[in-house]
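Number of protein chains: 2
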Amino acid sequence: MNKSYERFQPPKRVLLGPGPSPVDDRVLSAMAAPVLGHLDPLFLQCMDDVQALLRYVFETENRVTVPISATGSAGMEAALVNIIEPGDEVVVCINGVFGERMRDIIERAGGTPIVVEAKWGEAIDPRKIESALKSSKPRALSLVHAETSTGVLQDLSGLGEMAHECGALLIVDAVTSLAGHPVGVDRNGIDICYSGTQKCIGAPPGLSPITFNERALDRIRSRKSKVQSWYLDITMVERYWGDDRTYHHTAPISMNYALREALRLIHEEGLEARWARHELNHRALVAGVEAMGMSMAVAPEQRLWSLNAVSVPEGVDDAKVRGRLLEENIEIGGGLGPLKGRIWRIGLMGSGSTRENVRLVLDALHRALNAEGFECPTGVEAAEAVYEN
Amino acid sequence: MNKSYERFQPPKRVLLGPGPSPVDDRVLSAMAAPVLGHLDPLFLQCMDDVQALLRYVFETENRVTVPISATGSAGMEAALVNIIEPGDEVVVCINGVFGERMRDIIERAGGTPIVVEAKWGEAIDPRKIESALKSSKPRALSLVHAETSTGVLQDLSGLGEMAHECGALLIVDAVTSLAGHPVGVDRNGIDICYSGTQKCIGAPPGLSPITFNERALDRIRSRKSKVQSWYLDITMVERYWGDDRTYHHTAPISMNYALREALRLIHEEGLEARWARHELNHRALVAGVEAMGMSMAVAPEQRLWSLNAVSVPEGVDDAKVRGRLLEENIEIGGGLGPLKGRIWRIGLMGSGSTRENVRLVLDALHRALNAEGFECPTGVEAAEAVYEN
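In the order they appear, the protein sequences are chains A and B.
Note that my numbering has the first sequence beginning at 1, numbered continuously upward.
Note that my numbering has the second sequence beginning at 1, numbered continuously upward.
Rather than coming from a laboratory, the hints here were simulated on the basis of the structure.
Treat the numbers as computed from the prediction; the structure is a model and nothing was measured.
There is no bait here: all hints are sound.
Listed below are the simulated BS3-like cross-link pairs for lysine-lysine, each with C-alpha atoms no more than 25 angstroms apart in a straight line:
1) A:K224 / A:K137
2) B:K226 / A:K224
3) B:K224 / A:K226
4) B:K226 / A:K226
Construct the complete structure from the given sequences, taking the supplied hints into account.
Here it is as structure tokens:
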């Protein structure tokens with residue numbers, strides 16, 4: 001092997017896509033701290049802090065609140081496979097990529113998905129959820145709070161009661177909402193909730209925070225068979241994170257340093273202030289986008305603050321515009337599946353949700369669109385006006 | 001939540017336990033580089049380099065050679081669940097914690113383990129493996145090359161042919177050997193091999209390098225059912241790492257930077273030189289340990305170079321000695337399961353395998369043992385003599 005390899009020196013992109021989001025320098029430098037052993041008493045303290053701070057961010061008192069040692073999709077798999085046994089029915093809401101992924105995981109676990117659908121780009125009608133719950137014997141109701149593929153927010157109010165009345169657990173994917181939108185695990189009766197580190201939490205990708213309440217743990221304790229995944233079996237994972245400190249697998253030490261520092265930033269800012277910041281910057285972006293003569297792809301009351309789906313104007317080449325932005329070191333996302341080529345996904349997440357970035361992306365989009373032949377005014381002033389009011 | 005959280009500032013431990021191993025400053029600072037998007041063309045280049053360098057370290061031409069986005073135990077699960085379907089027999093060799101873990105995963109995947117055992121601390125007799133293979137219809141032969149719980153090396157020669165003659169795939173756990181001992185994936189007819197980043201590779205924990213050859217992929221393509229794990233389904237993982245670049249999950253960007261830099265260090269040193277370094281430091285440590293009047297827990301020809309199992313002398317409190325070392329910022333490991341309190345596991349892995357660390361740990365052990373009432377001479381001179389010859 002004669003090829004030689006240079007040091008990899010990535011440029012500093014402004015990450016305004018569907019995630020990863022920009023990572024604060026404090027978090028990056030936390031990752032470069034010396035590595036400790038995974039049973040070192042000092043690392044165990046770090047783990048305790050991570051758990052306490054995650055409870056704050058999830059708004060929960062749940063004892064079992066830990067980062068799964070893999071990315072958000074593994075959190076989804078952990079949430080589902082810990083409770084599903086072969087033959088179990090699960091009501092699953094599908095209006096984008098991540099609902100589809102849930103269905104796939106349910107089937108792989110031997111479960112039977114009872115599907116409630118909405119068009120990609122629209123929220124699920126709760127009346128449809130209720131009738132699906134009542135027409136089956138569901139082990140769980142599983143849905144995505146913030147559908148990353150479409151920018152749609154699902155209102156959670158009432159769903160916990162609805163599920164519990166039918167004997168089902170409520171499982172919520174909060175990958176793109178946690179720490180950017182209120183999730184309120186305990187308040188909303190969510191039994192299992194998971195997220196990723198690389199969205200509104202503002203750490204690099206690599207861990208999946210997850211929380212299980214006692215109702216969910218009771219269900220797991222009453223399983224007849226072992227959880228199909230050894231790695232994601234929460235009863236073993238929690239013995240390492242809990243008082244036992246029983247070795248399970250080697251925790252990703254440096255990623256936990258990063259997560260702790262990102263959570264510390266959230267704690268310093270305050271959850272409510274952070275939500276308000278995400279909402280304000282979202283509103284400014286929308287004002288700018290609309291002033292440019294474009295339209296949002298999602299109805300106003302269903303829009304995520306963290307991820308903004310903008311319709312690609314007729315005749316504009318989605319990929320060319322994104323390419324122009326990337327040349328300026330700005331990343332935004334394209335659409336997936338049926339929305340490929342039809343939407344841009346502009347993320348304003350974590351430390352990336354700033355007035356400066358709203359201005360930056362609107363200005364760059366304005367120049368790129370005009371260069372691609374779509375003549376439009378700037379959206380910057382309309383966005384700025386939102387901050388002035 | 002009124003508690004305040006300070007910045008976490010871990011001390012610089014000398015990590016001479018069973019892993020994580022010491023991480024070179026170049027690797028730590030690579031992790032702190034700006035995060036890129038997981039589909040950014042520049043990150044795709046980083047991925048290509050990681051794959052090419054992993055092929056070098058595994059000594060393979062296998063196209064499908066990638067880091068699983070989770071720790072080594074997830075690599076074990078990926079290796080097994082991708083090929084096992086319910087009812088499949090798998091010959092599994094058990095002489096420590098990680099063989100036991102394989103059995104557990106095989107059972108969770110619906111497979112039937114055909115167990116070949118040896119005492120903890122001893123290698124498996126290949127004649128027993130052969131007879132187990134011949135007395136069943138095995139889908140695979142699964143074994144641990146370097147048993148981290150005991151410090152035992154399993155000789156791989158002949159096992160590939162033996163497995164293939166019986167129609168079985170050879171699956172090898174090289175978590176604690178890869179980049180410290182020769183593994184020789186292609187040479188040894190290994191069909192699936194996995195490792196971890198935090199041992200001889202010298203990166204922090206968080207990823208699990210894995211490689212599948214065409215024989216293994218053929219088996220996967222002929223499955224009747226989907227792989228039970230969505231996250232670990234290699235046919236989907238490889239579409240992201242291969243030419244398709246199809247989104248699967250968000251790769252842990254910063255951990256891949258770290259892995260690339262750690263692999264670059266291996267490439268600069270050269271695999272053969274790295275193996276020789278691990279062997280030499282191991283020999284020096286053994287000489288020192290024996291000069292102190294202690295004995296190694298594993299027979300000479302079965303000893304790992306990367307992880308040295310030392311018998312705790314009669315009457316010495318294992319934990320107290322380790323506690324004294326940790327006060328000096330030196331971490332060594334204790335025993336697990338039946339070896340708890342009976343062995344120390346001294347890792348000399350990756351950048352931790354140095355003459356300086358051999359001297360350091362022998363000197364610290366000497367002082368700790370004498371302080372605990374076990375009078376013994378120093379082992380440092382005996383170790384130094386090994387380097388002088």
